[in-house]
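Chains as they are written, first to last, in my numbering: chain A, 1118 to 1682; chain B, 3 to 277.
The set of hints was computed from the structure by calculation and includes no laboratory data.
There may be inaccurate statements among the hints.
To be verified - Computed footprint of chain A on chain B; a stretch qualifies when at least three of its residues, placed anywhere within it, have a C-beta under 8 Å from a C-beta of chain A:
{"hint": "1", "stretch": "69-81"}
{"hint": "2", "stretch": "132-145"}
{"hint": "3", "stretch": "255-269"}
What the hints assert, rightly or not - Keeping only pairs whose Cα atoms sit at most 27 Å apart, straight-line, the calculated DSSO-like set for lysine-lysine is:
{"hint": "4", "chain 1": "B", "residue 1": "Lys236", "chain 2": "A", "residue 2": "Lys1501"}
{"hint": "5", "chain 1": "A", "residue 1": "Lys1573", "chain 2": "A", "residue 2": "Lys1533"}
{"hint": "6", "chain 1": "B", "residue 1": "Lys206", "chain 2": "A", "residue 2": "Lys1551"}
{"hint": "7", "chain 1": "A", "residue 1": "Lys1292", "chain 2": "B", "residue 2": "Lys206"}
{"hint": "8", "chain 1": "A", "residue 1": "Lys1292", "chain 2": "A", "residue 2": "Lys1224"}
{"hint": "9", "chain 1": "A", "residue 1": "Lys1532", "chain 2": "A", "residue 2": "Lys1576"}
{"hint": "10", "chain 1": "A", "residue 1": "Lys1501", "chain 2": "B", "residue 2": "Lys50"}
{"hint": "11", "chain 1": "A", "residue 1": "Lys1576", "chain 2": "A", "residue 2": "Lys1482"}
{"hint": "12", "chain 1": "A", "residue 1": "Lys1228", "chain 2": "A", "residue 2": "Lys1292"}
{"hint": "13", "chain 1": "A", "residue 1": "Lys1532", "chain 2": "A", "residue 2": "Lys1488"}
{"hint": "14", "chain 1": "A", "residue 1": "Lys1486", "chain 2": "A", "residue 2": "Lys1551"}
{"hint": "15", "chain 1": "A", "residue 1": "Lys1536", "chain 2": "A", "residue 2": "Lys1476"}
{"hint": "16", "chain 1": "A", "residue 1": "Lys1309", "chain 2": "A", "residue 2": "Lys1272"}
{"hint": "17", "chain 1": "B", "residue 1": "Lys206", "chain 2": "A", "residue 2": "Lys1391"}
{"hint": "18", "chain 1": "B", "residue 1": "Lys143", "chain 2": "A", "residue 2": "Lys1495"}
Note that the Cβ used here is the ideal one computed from N, Cα and C, for glycine as well.
Residues per chain, in single letters:
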Amino acid sequence: MRISPLLITIPLLATTSSVLAQEHRVQLTGSIQSDMMIAPMTDNAIGAYADSYDNNAFLNNTYADISGQSKYIDFGARFELTQWPMPGFNDVNNHFKGWGLPNIWVKGKNKVGELTLGSLYEQFGSGFILRSYEQRSLGVDNSLMGARIAVNSIKGIQLKVLSGLQRRYWSWNPKSIISGADFNLSIDEWAKGMNENDHHITIGASWVNKYEEADDDILVSGNPNYTHHRLNVPEFVNAWDARLQYQHSSFSLLAEYAAKSGDPNSLNNYTYGKGSAAMISLTYAQSGLSLLAQAKRSENMAFRSIRTSSALCTAGYINHLPAFTLDHTYSLAALYPYATQMEGEWAFQGSAAYNFKRKTTLGGKYGAKIKVNYSLVKGLEHNKDKGLQGTDGISNSFFALGDTYYQDLNLQVDKKLTKSLELHLMYMYQQYNKGVIQSEGGNIYSNIFVAEGKYKFNKQYTLRAEAQYLGTEHESGDWYFGLLELSIAPHFMITASDQIGHTEPAPGQYGDHTHYYNVAFTCNYEAHRLMLSFGRTRAGYNCTGGVCRYVPASKGLTINYNYNF
Amino acid sequence: MKKASYTHVWTSLLLPVLFACSNIDEADRFVEIEIPNINETVDTTYYKKNVLIEDFTGQSCINCPEAATIIHEMLELYGEDRVIAIGIYSGPFGSPSNARDLDLVTELGTTYWDHWFNESTPQPIGIINRTATGSKDNWKKQVNAALQDSTQLAIQADTRYDDVTRNLDIQLTLGSRSPLSGSLQILVAEDSIQAAQLLPNSQKPDRTYWHNHVLRASVNGDWGEAITMTDSLKLTRSITLQSDWRVEQIHIITFVTTEDQGVEQVITTPVATNH
Chain A
1118 MRISPLLITI PLLATTSSVL AQEHRVQLTG SIQSDMMIAP MTDNAIGAYA
1168 DSYDNNAFLN NTYADISGQS KYIDFGARFE LTQWPMPGFN DVNNHFKGWG
1218 LPNIWVKGKN KVGELTLGSL YEQFGSGFIL RSYEQRSLGV DNSLMGARIA
1268 VNSIKGIQLK VLSGLQRRYW SWNPKSIISG ADFNLSIDEW AKGMNENDHH
1318 ITIGASWVNK YEEADDDILV SGNPNYTHHR LNVPEFVNAW DARLQYQHSS
1368 FSLLAEYAAK SGDPNSLNNY TYGKGSAAMI SLTYAQSGLS LLAQAKRSEN
1418 MAFRSIRTSS ALCTAGYINH LPAFTLDHTY SLAALYPYAT QMEGEWAFQG
1468 SAAYNFKRKT TLGGKYGAKI KVNYSLVKGL EHNKDKGLQG TDGISNSFFA
1518 LGDTYYQDLN LQVDKKLTKS LELHLMYMYQ QYNKGVIQSE GGNIYSNIFV
1568 AEGKYKFNKQ YTLRAEAQYL GTEHESGDWY FGLLELSIAP HFMITASDQI
1618 GHTEPAPGQY GDHTHYYNVA FTCNYEAHRL MLSFGRTRAG YNCTGGVCRY
1668 VPASKGLTIN YNYNF
Chain B
3 MKKASYTHVW TSLLLPVLFA CSNIDEADRF VEIEIPNINE TVDTTYYKKN
53 VLIEDFTGQS CINCPEAATI IHEMLELYGE DRVIAIGIYS GPFGSPSNAR
103 DLDLVTELGT TYWDHWFNES TPQPIGIINR TATGSKDNWK KQVNAALQDS
153 TQLAIQADTR YDDVTRNLDI QLTLGSRSPL SGSLQILVAE DSIQAAQLLP
203 NSQKPDRTYW HNHVLRASVN GDWGEAITMT DSLKLTRSIT LQSDWRVEQI
253 HIITFVTTED QGVEQVITTP VATNH
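Extracted from the complex, chain A is given alone in its bound form (with noise of 0.2 Å):
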């Protein structure tokens, strides 16, 4: 269903005007973002094909924000356009195809709290049971659709519930609605010798609820006792979430566990075990010096607005696992990205950096950092089983892991050489398993270098160069890459890169060396930013905080237009 701008806008702005009569004061800031492809080409050598666009020789993904702010009152809405969707965003339903508002909201607010009807972006604790967002690149928008109440006014204590119905694409679902509640408490804030120490400390708990309609006919699949029987859903799940976080001078600490009740669904095998999820969070800051250690294990915490959503399907989730893996920016470490797997995982991450102040030893004239990370996903007991259509599924010992999913050791050197130059070193080694992380293939064993050096010549020209190679027996084989970026102040950048890599014709076979090289020019003029680019993108995974959307291989010439105000 998609709304009529106009059964919300004039009551909205009906509302809005009355109020505004009274106050004056109203600071409105938007953009708007447009991404463009022009004539897709055909380029049979990177399996880039211009009829996968219904022969389209204009595809665009454009996002119109608007909202304002005044003492008492707040409103957004946000025009999309996806109806010829950009490479990636084609899936054979055509989901993404579209255009409309699919976002408007309006806030009245108070001392008391604070009262928001239409399009909700929340997240609760770390996000276990409940994170509804917005990521563009990945094409999730999961917000709801209906109305929070936030309270503020007794100090240290934060209250919000909410109610609705979870964005799809362009539709909300009205048989599924999702209601929840979230608080949290500063005890600090009442007890004076606490906070005159440093010490601060939060507790929050939250709830979520998934009312479902239990009309699917799910038929009993693989489970012998049961070959003509549907299955008999629960049309309830219920989630809810307690954290602690302390702080004390450099030091702190966040430890939070989640739960769900039976949820089966199209992830866990309809399998009506409870799902979990607990977390531990240790970080140290002082004196130019950093550290964090985290672990994760999480077991059928897939949590998803329709039961019956394809297990591959990134849309529908209404909460979110983080991935405990960093989104590398260099393109090859990303060549091989890790992606939350929902079914469980034991995630771990450790990471120290150091500043060395200038004029020292190590730190040289003008200072040096070093950072080291460290990432380990494994699975659980009996990795992705999940038992049989209707029953408790496979229990998992708690501690038990079983096989490795993802790892990456990663060293970074930043130093400033001289006035002008700044060199960026990286040497990374990943093991990732592409049976389960892609359904196929094995285990890639990469080792990974990048240098990457920055030159100022004067105020109005810099340049920056990149290098990188990735060495590896598995898959297409190794990779180089190497990229030159041209800055002139203030206002222009010209950028060329080139991926150089096998192609793969047939899995485990090598192709011929391919060239993926881009030419960019990039203008920027007060709120404005134009980047016209032509060149061969890669068919790969786009991912952004353990989720990731895949998107085909192209060639073409694309705009992007970003403006903010």
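Since the structure of chain A is already known, use the hints to place chain B on it.
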């Protein structure tokens, strides 16, 4: 009792209530359903329609063996004459991970994949009677619904095979209760092919895996041939079986599609050898 203790008691009482609303005991999770009567005709006007499931599968697809298990379950439950499956090895996961292994992907299968799907389509994926597409989790529900349908068309196929020439003749008799225009397709499938298959939780392919209903070829063109009939139609089509196909494992899948009904009727026929 102190005030904090009362709160603790009520909270402890409420939590089980919240979870009790959502827990279903194992004994109450399964509801028996009626299996469609496989021998019944609705009335003299129509026949019961069989169901064709086109399984777009692959040797590098670790979820595909589970799909094959679901198909096997449906064949046992509904009967091999009522549910007819064909495995179309295709898509990004079609070929084996090792190029030295027997590859079950055909040009014909790739043509079908390119027509219905694209490289971002997850596998396995199935098409039921050319009217519904779905992942394996939905197949049983879709097939069960499709088995309720009726059709005006009956098909009978007789095969004659010559060992020496390896020529296979397929004599078809079609009978329709009313005039019909559509497309006739005759496909060759082979069972019990032992070849590599990637399985879940294993990084090496299982080379002892048995593949069934494997699409080998079309007898009458990639997309069949147009037919028009008033009440009956007889025709004969032929194909020479390739040397590596085992005739005793071959079966012929014959189906007619129409624009508004998808698959109008489908049958499967083993090969009768002529010694």
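Hint check results:
Counting residues of the stretch 69-81 of chain B whose beta carbon lies closer than 8 Å to any beta carbon of chain A gives 5, which meets the minimum of three for the stated coverage. Only residues whose beta carbon comes within less than 8 Å of a beta carbon in chain A count, and the stretch 132-145 of chain B has 8; three or more means the coverage holds. By the rule of at least three residues with a Cβ nearer than 8 Å to a Cβ of chain A, the coverage given for the stretch 255-269 of chain B is violated, with 0 such residues. Distance hint between Lys236 (chain B) and Lys1501 (chain A) is unfulfilled; the C-alpha atoms sit about 52 Å from each other, more than 27 Å.
Restraint check: the Cα-Cα separation between Lys1573 (chain A) and Lys1533 (chain A) comes to about 12 Å, which is no more than 27 Å; the hinted pair holds. For the given pair, Lys206 (chain B) sits about 12 Å from Lys1551 (chain A) by alpha-carbon distance, which is consistent with the 27 Å threshold. The straight-line distance between the Cα atoms of Lys1292 (chain A) and Lys206 (chain B) is roughly 43 Å, outside the 27 Å bound, and the hint therefore fails. In summary, the hint linking Lys1292 (chain A) to Lys1224 (chain A) is supported, as the alpha carbons are separated by about 26 Å, within the 27 Å threshold.
Simply put, Lys1532 (chain A) and Lys1576 (chain A) have alpha-carbon atoms about 20 Å apart, close enough for the 27 Å limit, and the pair holds. Annotation: proposed proximity of Lys1501 (chain A) to Lys50 (chain B) is violated, straight-line Cα distance about 40 Å (limit 27 Å). For the hint pairing Lys1576 (chain A) with Lys1482 (chain A), the CA-to-CA distance comes to about 21 Å; that is within 27 Å, so the pair holds. Restraint check for Lys1228 (chain A) and Lys1292 (chain A): the C-alpha separation of about 36 Å exceeds 27 Å, so the hint is violated.
A distance of roughly 12 Å separates the Cα atoms of Lys1532 (chain A) and Lys1488 (chain A); the hinted pair therefore holds under the 27 Å criterion. Between Lys1486 (chain A) and Lys1551 (chain A) the alpha-carbon distance is near 33 Å, which puts this suggested pair outside the 27 Å criterion. Between Lys1536 (chain A) and Lys1476 (chain A), the direct Cα distance comes to roughly 14 Å. Compliance with the 27 Å bound is thereby established for this hinted pair. Straight-line distance between C-alpha atoms of Lys1309 (chain A) and Lys1272 (chain A) comes to about 13 Å, which keeps the hinted pair within the 27 Å bound.
Restraint check: the Cα-Cα separation between Lys206 (chain B) and Lys1391 (chain A) comes to about 32 Å, which exceeds 27 Å; the hinted pair is violated. Of the supplied pair hints, the one linking Lys143 (chain B) and Lys1495 (chain A) is violated, its CA atoms being roughly 35 Å apart against a limit of 27 Å.
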